[in-house]
Structures are given as structure tokens and as C-alpha cells.
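With chain P fixed as given, assemble chain Z onto it according to the hints.
Chains as they are written, first to last, in my numbering: chain P, 2 to 200; chain Z, -2 to 136.
Hints are computed from structural coordinates only; laboratory data are not their basis. Errors might be hidden in some of the hints.
Stated by the list, open to error - Restraint ranges, calculated between C-beta atoms of paired labels, are given here: (1) Z/12 to P/132: 19 to 29 Å; (2) Z/71 to P/110: 47 to 57 Å; (3) P/40 to Z/10: 11 to 21 Å; (4) P/133 to Z/30: 36 to 46 Å; (5) Z/26 to P/132: 14 to 24 Å; (6) P/165 to Z/76: 22 to 32 Å; (7) P/165 to Z/73: 49 to 59 Å; (8) Z/12 to P/192: 14 to 24 Å; (9) Z/10 to P/47: 26 to 36 Å; (10) Z/20 to P/40: 56 to 66 Å.
Unchecked claim - Listed below are several chain P residues computed to face chain Z (Cβ distance under 8 Å; list not exhaustive): (11) 46; (12) 58; (13) 79; (14) 81; (15) 94; (16) 117; (17) 142.
Stated by the list, open to error - Not close to chain Z: a few residues of chain P, all C-beta gaps over 10 Å, as computed: (18) 32; (19) 98; (20) 112; (21) 132.
Model, not experiment: these values are computed from the prediction. In this text, a Cβ means the ideal position worked out from N, Cα and C, and glycines have one as well.
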Amino acid sequence: MSETATPPGGSGEARREGEVTVADRDGTLVARTLAGDSSACDTLVQLYMRSAFLVAFRGVGNREDAEDVVQESFVAALEHLGSFEIGRPFGPWLMRVVMNRAATLRRRRALRDTEEERDGVSTRPSALDESERADLREHLVRALGMLSERQRLIVTLFDVDDRTSTEIGEMLGLSAGTVRWHLHEARRTLRSALSSFAG
Amino acid sequence: MTDADANDAGRWEVAGEPARDAELGARLRELLGDAPAESVDWIALSARIARAASAVETSWWSYVARWNRTLVPVALAAGIAGAVALWRAPAPPAAEPARGPDMVTAVIGGTPSTDAARTFAQSLVSVATVATVASEPEE
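Okay, chain Z solo, but in the shape it has when bound:
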């Protein structure tokens, strides 16, 4: 704000109430009309607003807002109860360590890939042979 504006600010703050401009007021009133406050049904309008406002209150976030004081402690209590139940439950039996396929075991064990592939192919052939023999009709 410049010095001039600051002076203006002081001037307008201490200035008294301006006089009404009757001519301008009359022109504006002729153009814009008086506010028809007396023809408003204030009771009906406030009822309309109340109806519209009650529709706002039924929106999902208002339910959240209204119930959050109840739901937060309930959710907290449920969480604590669940944690206690888990803590007191018997430990599940220890699972055996999973064994991977022979080829994977061989590769992990440092067997050269060609040897591992050969071993895997042989195991497939032997499985296929067993299956074929098993499926042949007995004579």
C-alpha cells in the first residue's frame, strides 16, 4: 500500500457515514426495483432449506462424520482383540522345507547345466516309460 492509499485508508475509516444520494438511489431503484422481502414466505423458504439440508446430511460422508466417534473405538477394540487372539493361538506345525525339482536342486548344487539337463531328460524318459508300460494291457 502506498502512502496515498494509507492516508486514504485512514480517511475512509474515520469518515462518518456518507449521505444518501437520493437521485442516484431513485435511478437505481427504478432500474433494479426494491427487494421484495415482504413478499417472501420466510417460513416456506426456511422449510425448503431444511429439506435440502437434510438431503445433504444423508450423503455417505455425513454418515462417516456422524459415526466416526463410535466407529473408531469399535475398530480399535476389534483390532486389539484380533491381535490378542492371534498371539494366544497355538503355533501351526512347522512345515517341511520345500524340495524343488531335481533339476533345480542340481543346478543350485553347482552341477553343470548340460549334466542337469541330461539328468532331467532321463528322468522324463523313465517316467514316460513307466507310464507306457503301466497303460499296456496285460497279455
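Bound conformation, chain P alone:
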């Protein structure tokens, strides 16, 4: 199956036992937040801050930026809370905001790095200073760049952060099967890149 193939399960909305409870709980908290109840807003923050940080960190790659992304994402989510569809889990909705914010920051940073390199002020070590390891990293970075945003996040959450497909599905609003399919595709691309390097 190609990189652009349709993932199984279509939009892959999670439909598991217990999700209704999460959706109901989140819907109540959102409604109370909209009515001006700051304790409900705090509860939403406490519930989703950690997973938002993890997704943000995987998007931007450092703690400080990830914390900024989490803060900005919560603020953006609260500003647009009126458009949240009550009856759905809040987490996946927030994570989409986090992913978008992280991607925007990463693009902005890549542009700034390019400008700094062009101006000759880069502080990063030259690839020539590093050995085979640097080449391998480069291969891996390139292979990660070939993945979609979602696949990159899923393979990282699964193989680096040791999250289960069910947990990732709950975070991103996907079924576990859809997560497994994305994981399979991402791994295939990465393994191929690593084996081509080894060969």
C-alpha cells in the first residue's frame, strides 16, 4: 500500500466502550467553560496538558517550544471553544490544534535556520565533523520527512514513547486499527531507509 493510500477505517473515528463517557464528560466541561466556569477550564487543562505536551514535543523537538505550543494551543482552543462539537471527545480536537501549531513553529524555525545558514551564522556542527552516525541520522531524518505528519507522530509515540495503539487512537481521535495501519506504513518507510543505508 502506498504512502498516500486511504487508511483503513476511513476517517477512523474511535468507537470504543467508554468513549461516550469521555465525550460526555468533556462536553459538560466545555459547556461549563463557555458559561464562564474557570474550574471547568482548569479541569480540561489538567486532563489534556500532558498529552498535549507530548504531541507538541514530538512536533517541535524541545521542551521550551513544546511548552509554548501547549499554552498557545489551549488559548486558541478556548478562543474557538464555541465551534467545538459537544458530544465528541475534547482531546483529539485539541491535539489537532497542537499539531498545527507545532508544524507552524517548526516551519518558521526551519526558515530561520535556512536564513542563518545562508548568512553564515549557523552554530550547528558540520556534517563532515561527524562520522557514519551522522549519515545514518541524515537518512533517518530524510525518511521521517517522507512521512505524513500523522504517521511521524504515530511511529514516534509508539516506538519511542511506548504508547499503545489504543492510547494513540484516543489522543488523535482514530481507531486502534487505523493507528496500527499508519504505524505499519511509517515503519516500512523508515526500515527501508535504514536498510538502504546499511546496504
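Showing chain Z alone in chain P's frame:
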């Protein structure tokens, strides 16, 4: 979705949890690092978010959203009170129908335009004559 995709969908939904890929995981961890969740000051971060969120709440639309349950009945009551006051107020005296200038009246009345113009010019001349006579010093 094709039949193959549908089969795939079923396969991935019923498939068990995939095994961890230790080698790939190690490579990725080396490249990307572990998420430094333990070094995050969660209390400080939630306080930052709360501060930023409170700034959001002071925006004008949040005031509208917060007060709309109060303001809508108040505005409705004020509207009804105004309508009742207008209804009970004494009717204003009937105004006399406005009379247009003679020339307009003549034209509306069907007088030919040349006659109306002549009449208008004559009225202007007579007004001017009266004004001139009135302004002359008495001897």
C-alpha cells in the same frame, strides 16, 4: 474504499497490538530524544495557561457571551416599556398640510410652464421692489 482496503481495514482492526521495534525505537530515540516530561513544571505550565486563558476571557465577545443571558431580557423589557409609553402618549397635533411655492402649486395644478415661470418671475420682482422701497431712507 476498495475490497482490498476493506480487507485491510478489518485486518488492522482485529490485529493485536504490534510488537515494539527495539532497533527502530533506539534509532529514533537517539535522533529525537525522550520527551522530557519529568523536567516540566506542570504546576507552572498550568498556571501559565490559566493566565493566558483569563486574558482570553476578557475579550469583548466573552463579555457579550457572559452577559447575554442578562442583557437579552433587559433589552426585551426596555423595548416593551418603550412601545407601551409610545402607545399611551397623547397624539401630536395634526400638522397643516404643507403648501409648496406658488410656482410648484401652479405647475402641479396644470398651468403651462411658461405661465408659471412668468408668475414666479413677477412675484420675485414684486418682492424685490418691496424690499428696495423699504430700504430707501425716508425723505
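Here is how each hint holds up against the structure:
1. Taken as a hint, the range 19 to 29 Å is violated for the pair residue 12 of chain Z and residue 132 of chain P, whose Cβ atoms sit roughly 39 Å apart.
2. Here the CB-CB span from residue 71 of chain Z to residue 110 of chain P is close to 50 Å, well matched to the stated 47 to 57 Å.
3. Taking 11 to 21 Å as the suggested C-beta distance range, the pair residue 40 of chain P and residue 10 of chain Z does not conform, at roughly 38 Å.
4. Between residue 133 of chain P and residue 30 of chain Z the beta carbon distance is about 20 Å. The supplied range of 36 to 46 Å is therefore violated.
5. For residue 26 of chain Z and residue 132 of chain P, the hinted distance range of 14 to 24 Å is satisfied, since their beta carbons lie about 19 Å from each other.
6. The hint said 22 to 32 Å for the Cβ distance between residue 165 of chain P and residue 76 of chain Z, and at roughly 59 Å that hint is violated.
7. Taking 49 to 59 Å as the suggested C-beta distance range, the pair residue 165 of chain P and residue 73 of chain Z conforms, at roughly 54 Å.
8. With their beta carbons about 18 Å apart, residue 12 of chain Z and residue 192 of chain P fall inside the hinted range of 14 to 24 Å.
9. Checked against the hint of 26 to 36 Å, the C-beta distance between residue 10 of chain Z and residue 47 of chain P comes to roughly 32 Å, which is consistent with it.
10. Against the hinted window of 56 to 66 Å, the Cβ-Cβ separation of residue 20 of chain Z and residue 40 of chain P comes to about 47 Å, which falls outside the hint.
11. About 5 Å separates the beta-carbon of residue 46 of chain P from the nearest beta-carbon of chain Z, less than 8 Å, and the hint is met.
12. Look at residue 58 of chain P: its Cβ gets to within about 5 Å of chain Z, closer than 8 Å, so that hint holds up.
13. The restraint placing residue 79 of chain P at the interface with chain Z holds, with a minimum CB-CB distance near 5 Å, inside the 8 Å limit.
14. Checking residue 81 of chain P against chain Z: minimum C-beta separation of about 10 Å lies over 8 Å; hint violated.
15. For the restraint placing residue 94 of chain P at the interface with chain Z, the shortest Cβ-Cβ distance is roughly 16 Å, beyond the 8 Å limit, so the hint is violated.
16. A distance limit of 8 Å between C-beta atoms decides the matter here; for residue 117 of chain P the minimum to chain Z is near 21 Å, and the interface restraint is violated.
17. For residue 142 of chain P, the shortest C-beta to C-beta distance to chain Z is roughly 7 Å, which falls under 8 Å, so the interface hint holds.
18. Every Cβ of chain Z is farther than 10 Å from the Cβ of residue 32 of chain P; the closest lies at roughly 12 Å, confirming the non-interface assignment.
19. The claim that residue 98 of chain P lies off the interface holds: its Cβ sits roughly 13 Å from the closest Cβ of chain Z, which is beyond the 10 Å cut-off.
20. The beta carbon of residue 112 of chain P is kept farther than 10 Å from every beta carbon of chain Z, the shortest such distance being approximately 21 Å.
21. The Cβ of residue 132 of chain P lies farther than 10 Å from every Cβ of chain Z, with a closest approach of about 14 Å, so its non-interface assignment holds.
Hint compliance for this structure: hints 1, 3, 4, 6, 10, 14, 15, 16 are broken, all remaining hints hold.
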